[in-house]
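J.: One-letter residues, chain by chain:
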Amino acid sequence: MGAPKKSGGGGGGRVSVTEDSDELVRVPLQAILLADSFNTKFRPITLECPKVLLPLVNVPMINYTLTWLESAGVEDVFVFCCAHSKQVIDYLDKSGWLSQPNFSVTTIESHNSVSAGDALRLIYERNVIHGDFILISGDTVSNMSLTQALAEHKERKKKDSNAVMTMVIKRSKTNPAIHQSRLGTDELFMAINPDTKQLLYYEERTDLSKGIMHLDKSFLADNPSLTLHHDKQDCYIDICSPEVLSLFTDNFDYQHLRRHFVKGLLVDDIMGYKIFVHEIHSNYASRIDNFRSYDTVSRDIIHRWTYPMVPDVMNYGNTATKLERQGMYRASEISQSQSAVIGPFTVLGFGTKIGNNTIISDSVIGKGCKIGSNVQIKGCYIWDHVTIEDGCKLNHAIVCNEVTLKSGAVLEPGVILSFKVVVGPEFVVPPYSYVSLLQQPVEEDSDEELEYADSTSVITSKVDKSDEEDASEVPEARISSVSELGMGGVGYIWQKCEGSQEEEWRHSVAPIPADKISEAMKTMEDDLELTHDGSILPPSGELIPDSNDSDEDNEDSRDDFFEREVEATFLRAVNENIQEDHLILEVNSLKLSCNKLTADCAGAVFYAMMKYAVDTPHSSLDGLMQNVNDVLSKWKKALTSYLTDIDEQIEIILKFEEICLESAREFAPLFTKILLHLYKEDIIEEDAILSWEDEKRDADEADKVFVNKAQEFIQWLKVAEEEDE
Amino acid sequence: MDFQVVVLAGGVSKKLLPLVSKEIPNALLPVANRPVISYVLELLELSNLKDLIVVVEGEDAALNVGGWISAAYADRLHVEVAAVPEDVGTAGAIRAIAHHLTAKDILVVSGDLVSDVPLGAVAATHRRHDAVVTAMLCSAPVSGPSESGSSGGKDKTKKPGRYNLIGLDPTQQFLLHIATGAEVEKDLRVQKSILRAAGEIEIRADLMDAHLYAFKRSILQEVLDQKGTFHSLKHDVLPYLVRSQLKSEALLNGVAQVEENGTEKIIAQSNQQMLSQILANASERTFHQRYALSPNGTSFRKTHKCCVYIAGSNRYCARLNSIQAYSDINRDVIGEANHLSGYSFSAQNNIIHPSAELGAKTTVGPHCMLGEGSQMGDKCSVKRSVIGRHCRIGANVKVVNSIVMNHVTIGDGCSIQGSVICSNVQLQERAVLKDCQVGAGFVVAAGSECKGEVLAKK
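Chains as they are written, first to last, in this note's numbering: chain Z, 1 to 725; chain V, 726 to 1183.
Next comes chain Z alone, as it looks inside the complex (with noise of 0.2 Å):
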């Protein structure tokens, strides 16, 4: 389970590494950079650009990150690329982070990695990290100092060599009412020892209609405190140790960091990892997942938070950016008629072109752009050579390169207008659509699982070969078509997939509208009433149980569910005629997963048994018996493994009576003949049998039906026993 403590192509020299030779053999820090979200929520630009090379404030996202990896003092970076794999190499390549003297930039390929954990295993295989390493996805943007981080998580590694990695995390307020944060990212709750920092709970994505939060006893039992946190924001900024890389090829499942890595190390008390948080204070830290963090994170540099990563001090390829007063950014070569309104905060890129009477606030605008006369933007995000004609007004949108808006068309708010998109004059995009030239892909397997197919493996590559051609080629074919945007529009206008039209403002780059709040705080109301019904509270004072939540509806579900198994397997054992041992081997796993005991599992096989019985068909009541006869004697030996005790053997009686009351006309007749037949057959002994009368001798007349049934095969016991004696 160890690391990797051999020398590696480009690292030290190391060949056996001591707790000693650690601090004398300086290590220099590496750091994982994903260049490669694995997830579609920034479709439909990602299809043709990766995410890390859009533009943030006319930077490409990577920039960011590099620059903040560089400054924290990470020499060794790994830059894994997947989707849209050629870009990114070319433009590392291109804007000369590959060539950089005391940073050394590497890129790892891969075309077949869908996952984080995918990225992660590749990594490991190719032998390259050597010590603790920051992983990191290329969309972050951050100005926090690793140096305390990393010394904490060193101090802890030394002391302990589970704490195998430290999450930097921030405090971030989550809107109760529409349950996100300002980045539109999920809330999220989590529990953390005050003392140690050691993370104890992560959930994100809650089912909201859980009202409750459960946490196990053990953690109360070795913390005196813990606090539980709904205020804090997931950095995305992993310190780790190279264990990890490890444990992500020992659990060839793990595919997301955070829903299955975290809580897979959360969950697992065998091996015992631990995973620390570190909490930032005055420093910036935050990942871009969706278009409402790209507002939120854009707004945030345009404003210096994220200070030194600000337009007018970063600059890659453009020309200087200059701040002015009411942070207005202007680039150089800006040509803007008199009459422009331009408002604060507002970035404008080099060689823009604005015409009269236009009015831009709140927005970022690329490079080449040529704006006309009396239009309006306000809060949107133009990228470079972008056209808009006169007289349009956008709200609230993305629009990417190359894209033309004839005169007077409209953007409603949360509209994506990806590559080279044209909108016809005067048309209207419905608020919330993505529009893109090349067609909504239709695999669109609503599954879990698609959040890790980036579409990659497809679409990237067809659009990687066919780059520049495209361009050129795509507008020309379709043009006829298209009547989609209007008079001479180019492009698809995206149906919303998978009932998102509830959600979808949600991630947008729109502010959330006030009503969608003022909804979301009624059903919060709602919430409350379904978690405690004060009439309904029963006198303990304990808390009502959720009715899918509460301890007994478990427990009879997780009986019938076992039961439900076990019989399942049972069948599959019968008609694919598979070993009584193996048949044993997965009812006793059963038996772990479900946490039964033994006589659970004799009761449930048993069960499995007579209702085969009864299901094979059969003509009368004697064909029945034959079918019992036949699945008993078959099946004995996985039956009787179960049956090492008395308790075990009655448990399968009262099963047995139980099958009878249920199908009273099939069994009930038979119920001494079988008894009878289990007992000559050895499965049940006649001590078991007695205890069994014995239990019920108390019991109701109701409950003695079958006892009294039995009773002359019960005599007859009794007085075989006593000639015995």
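Quick caveat, the hints were computed from the structure, so don't treat them as lab data. Just so you know, these numbers come straight off a predicted model, no measurement behind them. Beta carbons are placed, not taken as given, at the ideal position from N, Cα and C, and that holds for glycine. Some hints could be false.
[Claimed, not checked] Residues of chain V placed beyond 12 Å of chain Z at every Cβ, according to the derived structure: (1) K747; (2) K829; (3) L893; (4) H902; (5) S918; (6) E927; (7) S943; (8) D1057; (9) S1071; (10) S1106; (11) N1121; (12) S1140; (13) E1154; (14) V1157; (15) G1166.
[Unchecked claim] Okay, derived cross-link-like pairs now, BS3-like style, lysine-lysine, Cα gap no bigger than 27 Å in a straight line: (16) K596(Z) to K740(V); (17) K94(Z) to K263(Z); (18) K86(Z) to K158(Z); (19) K680(Z) to K637(Z); (20) K740(V) to K263(Z); (21) K655(Z) to K636(Z); (22) K170(Z) to K263(Z); (23) K217(Z) to K591(Z); (24) K274(Z) to K911(V); (25) K740(V) to K911(V); (26) K370(Z) to K393(Z); (27) K173(Z) to K522(Z); (28) K704(Z) to K634(Z); (29) K157(Z) to K94(Z); (30) K911(V) to K591(Z); (31) K197(Z) to K911(V); (32) K217(Z) to K911(V); (33) K596(Z) to K611(Z).
[Stated by the list, open to error] Quick list of simulated restraints, FRET-style, between CB atoms: (34) D645(Z) to E811(V): 44 to 52 Å; (35) P308(Z) to S1038(V): 43 to 51 Å; (36) K516(Z) to Q897(V): 29 to 37 Å.
Could you slot chain V onto chain Z? The hints should help.
T.: This is chain V only, laid out in the frame that chain Z set:
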């Protein structure tokens, strides 16, 4: 003073047998030679809370308690003693005396509390937040509650006992979660709605609910009326109020809702209350208010506040609810927390009544107390023990870590360790007791040796 105080003095607790009886109910059990209830009464008097109702379970016990109180506090406190049937629970006791309650706020305190926490501060906290309930919390005692009472202070290595789980907001003013009784050992279940509103909850296992609460009377009575099944304040009423704090049903029932068009038909009382809430924290709203307010500033959700007063760690706070606790409290009151006893200690750090007589070579160590008129023979030794009034103790007797009540006769050569000897007990010569409780009037035969036993008349 518009705080009315209810002292729940209990009756004859099974947990304290054989120390208590109808003649000496829980409330009159002597701690450092004065009834335990006097500690609460004096604490109340110090805070100028003089309008009290003492609730006792059982008529006989009530008579005895009432008799003692009227003798001792006749001119100092205005005390009413009410008898309630046995086993009605704390909630039932309040229900039974509801007609006596008139003040705006009620302070409910357990009669077995021995503490020096200023109750005025608890009342002030309650008033400041205009809370529905304010609970006093203190650090959990280190030695766990002993069920049998036979483990004479041996388990000092034990972890702090877990009495309840308390969830507090970051400012440690509000009670956001409480798990008591059997829930403590179960998995922790926290309401997400409260966590969402508060942002952060700190769960503490090292605090103990001292069973001292300030309630808003109207709401307490409303809850008690509506929830007929509530039996205990601690296990039912308090958790209920905590859980429903963001959706206050108690308040909603008597109050008309705010109408859509803004015509407010709120009963004067609650209107005033909202106003006072807003005024009280004008600078920074607490999460209750933020939660109650919609974005446009109108309040459309009723919340109420459950507050806590956390006693400083230098304060003493203990409840006499087990025999172990009885021994501990006695030891503390004449030892570490001797300011509670109300006596002045001698230079040897002990109290020997002037009328007590000591034989030759008899030593009474520090942290000891010898009551009025008691006599000790020669060569006795007393360590960390309380000896009551008019006891006759022979020669060569050793008393260590024990409590001896009044009128006890101890023969020569006895040895008593870690035990409680009730009044009128007779210990004949050379009896050896270790970790025993001897009920009132019992006679221990000469030469008998007992360890960890309960000796009482049948």
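J.: For every hint, state whether the structure bears it out.
T.: Here's how the hints hold up against the structure:
no.	hint	result
1	K747	30 Å, holds
2	K829	23 Å, holds
3	L893	9 Å, violated
4	H902	9 Å, violated
5	S918	5 Å, violated
6	E927	5 Å, violated
7	S943	17 Å, holds
8	D1057	22 Å, holds
9	S1071	39 Å, holds
10	S1106	40 Å, holds
11	N1121	47 Å, holds
12	S1140	39 Å, holds
13	E1154	50 Å, holds
14	V1157	40 Å, holds
15	G1166	39 Å, holds
16	K596(Z) to K740(V)	38 Å, violated
17	K94(Z) to K263(Z)	39 Å, violated
18	K86(Z) to K158(Z)	40 Å, violated
19	K680(Z) to K637(Z)	15 Å, holds
20	K740(V) to K263(Z)	45 Å, violated
21	K655(Z) to K636(Z)	17 Å, holds
22	K170(Z) to K263(Z)	19 Å, holds
23	K217(Z) to K591(Z)	23 Å, holds
24	K274(Z) to K911(V)	23 Å, holds
25	K740(V) to K911(V)	24 Å, holds
26	K370(Z) to K393(Z)	14 Å, holds
27	K173(Z) to K522(Z)	20 Å, holds
28	K704(Z) to K634(Z)	31 Å, violated
29	K157(Z) to K94(Z)	39 Å, violated
30	K911(V) to K591(Z)	23 Å, holds
31	K197(Z) to K911(V)	24 Å, holds
32	K217(Z) to K911(V)	6 Å, holds
33	K596(Z) to K611(Z)	21 Å, holds
34	D645(Z) to E811(V): 44 to 52 Å	46 Å, holds
35	P308(Z) to S1038(V): 43 to 51 Å	46 Å, holds
36	K516(Z) to Q897(V): 29 to 37 Å	35 Å, holds
Hint check: violations occur at hints 3, 4, 5, 6, 16, 17, 18, 20, 28, 29; the rest are consistent with the structure.
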